[in-house]
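Enquirer: Each chain, written out:
Protein chains: 2
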Amino acid sequence: MPKIVDHEKRKQHIAEAVLRLVRREGIESASVRRVAEEAGLTLGALRHYFDAQHDLLAYAMRLLIGRVRARIDALPLTGHARTDIELIIAQLAPLDEERLAESEVWLAFAGKAVSDPAIRALSHEVHEALYEGFKRMIADLCEQGLARPGIDPELEARRLHALADGLVVHYTTYAEHLEPAGLMRIVSAHLDGLFKAE
Amino acid sequence: MPKIVDHEKRKQHIAEAVLRLVRREGIESASVRRVAEEAGLTLGALRHYFDAQHDLLAYAMRLLIGRVRARIDALPLTGHARTDIELIIAQLAPLDEERLAESEVWLAFAGKAVSDPAIRALSHEVHEALYEGFKRMIADLCEQGLARPGIDPELEARRLHALADGLVVHYTTYAEHLEPAGLMRIVSAHLDGLFKAE
DNA sequence: CTTATTATAATACGATTGTATTATTAAAAA
DNA sequence: TTTTTAATAATACAATCGTATTATAATAAG
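Chains A and B, in that order, are what the protein sequence lines are.
This note's numbering numbers the first residue of the first sequence as 72 and each following residue consecutively.
This note's numbering numbers the first residue of the second sequence as 72 and each following residue consecutively.
Just so you know, these hints were derived from the structure itself, not from any lab.
Fair warning: there could be bad hints in the mix.
For identical chains, the list gives no copy identity; a pair is met inside one copy or between any two copies.
Below, in silico cross-link-like pairs of lysine to aspartate or glutamate (DMTMM-like), each with a Cα-Cα straight-line distance of 25 Å or less [what the hints assert, rightly or not]:
| # | residue 1 | residue 2 |
| --- | --- | --- |
| 1 | 82 | 144 |
| 2 | 206 | 247 |
| 3 | 267 | 223 |
| 4 | 206 | 223 |
| 5 | 206 | 263 |
| 6 | 267 | 225 |
| 7 | 267 | 126 |
| 8 | 82 | 196 |
| 9 | 267 | 247 |
| 10 | 82 | 187 |
| 11 | 82 | 169 |
| 12 | 206 | 155 |
| 13 | 206 | 250 |
| 14 | 206 | 196 |
| 15 | 82 | 157 |
| 16 | 267 | 211 |
| 17 | 80 | 157 |
| 18 | 80 | 199 |
| 19 | 82 | 199 |
| 20 | 80 | 211 |
| 21 | 267 | 169 |
| 22 | 267 | 79 |
| 23 | 267 | 108 |
The task is simple: from the sequences and hints, build the whole structure.
Expert: What follows is the structure, encoded as structure tokens:
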């Protein structure tokens, strides 16, 4: 009997309404009433699925994170370190309308991290995962002798991480003034500095 | 007769209350009532200085921008390009308590840029000024023959800009997990890649 | 000194917020 | 089929929000 499944599916349906609303009108418009309206539910019905607003927001954020994570996990990694790094960053960057929407919502949630502990925890979790991922990839690079000699993997991981996040912020916030292709050109130029010249 | 001066001074006093409040409890707590309370004024008194809340927020943001700008303008630039770039970035980064407070408030305002047109305009203005500044400095570098050959000033300006903003975001948001000194080490390492090896 | 102007204060209006309560309907379990 | 549980709906509560109005006190201009 698909009871729990239905329950979860409905929560996802509501969370998607949250994401739409946040993208369209900002996170401050994601009130329980507006979300209920957007999802086609009554206030009482929504409350049956989420006891409090912060639960709703945290759930929606987890849904967003899960989507990106699934996309990265499904990536056909080549084993070629440089290509793989670019592939992963491309999944985080606002390179098309779908990912631009994601980035906008992500930044909106990130802004809420200051006041909402659950969102703050999620944000930090993603931050750490990303840093660790970059660090591991760069460390692999060094071991394989592909990296420019004398580089510090931890420092370079933080540098790449900051660059990537900075680019996401810029190309999301000023998407109407910037050409998406430029983002990956900058990433590529940055990686040039990490790899040995051939 | 110091009428206008007093008026402006009082507006600044109120704006400082906004900045304190935003830093302490987030921008969503900067309601006109809370700000009036923080500034030691009545709601009606505050309204005499600011007709609407978005005026109040925009004014406070301008005050913040003015402070940082003044600090940069007062900088004893050496003429040595590399040192100067580091000096400027050091004024934008959360390297001590005072600048950490600034950065926190700045990020809070930046989050409001999505919904508030005035704040969005200010944010974009600062963004452009920073990009143009970096571009000019890197172009100077190239002309002086100090830059690594074959680099693209515009691309490098965007790269440095994204890195700087990304570092500010990371070291502000996760200030309790990161050592401030690490930020400038990363900037320095980045600049190594822009300059000719000597 | 009288008249304007500026500043402060108190109160009110309508809207929206998150959460809670209660009742009713649908569906699964016994 | 009866009984229990899940789901939806409607309504209510107290708090806060931005803004507006009106009246009073302080100060500068004539």
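Enquirer: Of the numbered hints stated earlier in the document, which are not met by this structure?
Expert: Of the numbered hints given earlier, those the structure breaks are 7, 9, 15, 17, 18, 19, 20, 21, 22, 23, listed in rising order.
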